[in-house]
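Participant: Modelling step: build the complete structure from the supplied sequences, incorporating the hints.
The listed protein sequences derive, respectively, from chains C and Y.
According to the working numbering, the residues represented by the first sequence are 23 to 339, in order.
According to the working numbering, the residues represented by the second sequence are 23 to 339, in order.
Everything labelled a hint here was simulated from the structure, so no lab data went into it.
There may be inaccurate statements among the hints.
FRET-style restraints, in silico, Cβ to Cβ [said to hold, decoys possible]:
| hint | chain 1 | residue 1 | chain 2 | residue 2 | range |
| --- | --- | --- | --- | --- | --- |
| 1 | Y | N262 | C | S52 | 46 to 54 Å |
| 2 | Y | S315 | C | N258 | 33 to 41 Å |
| 3 | C | D312 | Y | N338 | 24 to 32 Å |
| 4 | C | R266 | Y | R64 | 57 to 65 Å |
| 5 | Y | K279 | C | R304 | 18 to 26 Å |
| 6 | C | G66 | Y | T230 | 46 to 54 Å |
| 7 | Y | L243 | C | E269 | 52 to 60 Å |
Covered by chain C, according to a simulated footprint, are these stretches of chain Y (three or more residues, beta-carbon under 8 Å) [to be verified]:
| hint | region |
| --- | --- |
| 8 | 61-71 |
| 9 | 278-286 |
| 10 | 298-308 |
| 11 | 312-321 |
| 12 | 326-334 |
Being a predicted model, the structure only gives us computed values, none of them experimental.
Glycine included, each C-beta is placed from N, C-alpha and C at the ideal position.
Protein chains: 2
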Amino acid sequence: MDYISLSEKVFKNEKRFVSRAISIIESGNSESAQLLSLLHKRTGNSYRIGITGPPGAGKSTLTNQLTKQFRKDNLKVGIIAVDPTSPFTGGALLGDRVRMSEIGSDEGVFIRSMATRGSLGGLSKKTIDAADVLDAAGYDVIIFETVGVGQSELDIAKAADTTIVVLVPESGDAIQAMKAGLMEIADMFVVNKSDRPGSENAITSLNTILMMREHNAESWLPPIVKAVASENKGINDIINEIQRHREYLESTNLILKKREANSKSRIKEIVYDIIASEIWNRKNEEDLEDSVSDVVTGKLSPYNLANQIINNFKSNL
Amino acid sequence: MDYISLSEKVFKNEKRFVSRAISIIESGNSESAQLLSLLHKRTGNSYRIGITGPPGAGKSTLTNQLTKQFRKDNLKVGIIAVDPTSPFTGGALLGDRVRMSEIGSDEGVFIRSMATRGSLGGLSKKTIDAADVLDAAGYDVIIFETVGVGQSELDIAKAADTTIVVLVPESGDAIQAMKAGLMEIADMFVVNKSDRPGSENAITSLNTILMMREHNAESWLPPIVKAVASENKGINDIINEIQRHREYLESTNLILKKREANSKSRIKEIVYDIIASEIWNRKNEEDLEDSVSDVVTGKLSPYNLANQIINNFKSNL
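Facilitator: What follows is the structure, encoded as structure tokens:
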């Protein structure tokens with residue numbers, strides 16, 4: 023099937039073809055750019071929510087409950103899981119998978135997992151491209167579920183309009199370790215499993231960190247919401263806070279600025295991919311192969327070799 | 023001071039200037055390439071050890087004990103900590119910092135922490151460049167301490183000749199979550215704090231995973247060493263296994279192949295940095311700025327804009 027026909031079927035949300043479009047993107051096929059260009063004109067209508075946090079925080083259960091709630095409002099929900107511990111990607115317990123199948127069989131829900139095993143290279147780009155496919159297919163809400171540890175995963179979370187960082191009362195160490203990264207991306211904190219001991223302490227230490235960052239009367243202060251996702255507690259509060267954040271972004275026009283910033287880093291990544299594929303042609307790969315032993319032994323500096331390769335590339339344009 | 027004089031002082035291991043050289047690299051100053059080219063010709067003599075694992079596994083304590091042992095053999099040791107939870111970088115408890123000061127005041131030891139807060143971009147490159155400075159300054163052993171969660175940290179660990187993955191008996195979940203990544207980089211596993219319950223289980227599950235991977239009679243099977251680093255238990259076993267791995271790498275000539283592979287990815291990163299700084303001149307940044315809102319609204323595909331920018335860049339060469 024050519025890409026024009028495929029894109030038409032994506033616009034009609036024919037799930038089989040939505041899947042196929044994402045697979046083409048995931049394969050890293052160089053022609054996928056053509057497909058994405060066709061799909062792109064129908065994007066920009068979905069609201070994107072990032073859900074991240076350490077393994078075991080209950081991100082999938084929360085995704086599940088939020089999805090059920092969105093469905094009650096008749097919103098179509100696309101879920102992209104890039105979390106190796108998520109039941110969507112096959113990392114979790116049987117019980118979770120059973121729970122997932124509740125929403126998995128719903129016509130208005132599309133669930134897709136992206137491979138994280140092996141190399142992470144290009145993962146964030148492919149994930150955001152996959153979200154564009156779902157956007158073009160008419161999903162109103164897109165949820166990215168990622169485990170908040172790696173740079174790629176943080177990049178994905180940043181690509182969302184609203185990013186929710188999910189923690190549990192025991193996450194103290196994780197909070198400390200990921201402080202800078204989490205603070206940078208969180209629009210909301212959810213302290214899940216808040217019926218466990220220590221939840222008040224967790225909230226206090228989050229508040230302390232939040233107070234330390236610069237803010238003024240106009241800036242968004244990430245709310246901290248208590249939840250027990252497995253018992254559907256706190257889900258409405260989270261939905262309300264998402265709505266409140268969305269209204270904040272829209273009234274300040276920050277939603278456009280945020281999306282523009284995301285588009286910029288995305289375009290830079292695309293530029294890099296194209297240039298890299300042109301530079302690393304067979305001749306330059308062979309030159310690198312031939313000269314690299316001189317670099318290891320100290321005869322040739324990696325900086326000199328890099329410049330040589332760039333000059334080759336330019337003189338052949 | 024010009025770079026030639028600075029490099030001479032680095033060759034003499036004048037610590038103040040070793041520090042300054044690393045700071046120049048860390049600043050991302052574009053002239054740092056010139057300094058590195060000067061230093062490069064004296065590199066290739068140090069043995070590089072990566073120590074990685076989840077927060078709280080005891081990586082710093084292990085680094086400390088290994089360093090004391092290497093010092094007994096009169097080897098000079100350079101330590102580069104890129105772990106936000108390491109006492110070297112300021113993340114850990116007072117007790118750890120006190121322990122660190124034992125080796126910190128030793129003339130034959132150089133300790134440097136690399137910033138991980140904020141953006142991780144370029145971190146692995148800068149860290150490997152910093153190791154070249156220490157190599158040129160005559161350090162026999164260089165230890166990279168990283169927290170094994172992000173891609174940058176894994177890249178750093180991979181840049182070592184011998185990579186040690188440190189776990190604790192409770193690391194079961196971490197083992198599962200990081201399985202692919204850990205297996206790819208580990209030349210040795212240390213089950214630290216092995217006096218705690220569950221250490222035999224941890225070893226069994228590691229063994230199970232190890233047996234699943236492809237191997238033959240010639241391939242290196244990562245040993246699993248039990249240790250209690252805080253009590254100096256198992257340190258000699260670890261040193262012996264490092265030595266055995268080094269002999270394996272040298273006898274099979276894999277050490278060269280490994281260093282060549284690392285050099286190659288490093289050169290590719292350098293090429294990318296140079297090209298990126300040329301592409302993203304003011305004109306192209308402005309074009310991106312002007313057109314990005316059309317991308318957000320779906321009028322212009324990010325792929326088309328990327329190609330436009332590349333064509334601008336080429337036509338101006």
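Participant: So, for every hint listed, does it hold in this structure?
Facilitator: Do the hints match the structure? See the list:
Evaluation of the 46 to 54 Å hint for N262/Y and S52/C yields a pass: the beta carbon distance comes to about 49 Å. For the hinted restraint 33 to 41 Å between S315/Y and N258/C, the CB-CB distance of approximately 35 Å keeps it satisfied. About 31 Å separates the C-beta atoms of D312/C and N338/Y, a value consistent with the hinted range of 24 to 32 Å. With their beta carbons about 59 Å apart, R266/C and R64/Y fall inside the hinted range of 57 to 65 Å.
Checking the proposed 18 to 26 Å range against K279/Y and R304/C shows it holds: the Cβ atoms sit about 21 Å from each other. Between G66/C and T230/Y the Cβ separation comes to about 48 Å, which falls inside the hinted range of 46 to 54 Å. About 58 Å separates the C-beta atoms of L243/Y and E269/C, a value consistent with the hinted range of 52 to 60 Å. With 5 residues having a Cβ less than 8 Å from any Cβ of chain C, the region 61-71 of chain Y passes the three-residue criterion, so the hint holds.
Under the rule that three or more residues need a Cβ within less than 8 Å of chain C, the assignment of the region 278-286 of chain Y holds, with 5 such residues. Here's how the region 298-308 of chain Y fares: 3 of its residues keep a CB closer than 8 Å to some CB of chain C, so the rule of at least three is met and the hint holds. Coverage of the region 312-321 of chain Y by chain C holds. Counting CB-CB distances below 8 Å, 7 residues qualify, and the rule asks for three or more. Against chain C, the region 326-334 of chain Y contributes 6 residues with a C-beta closer than 8 Å to a partner C-beta. That satisfies the three-residue criterion, and the hint holds.
Hint compliance for this structure: every hint is met.
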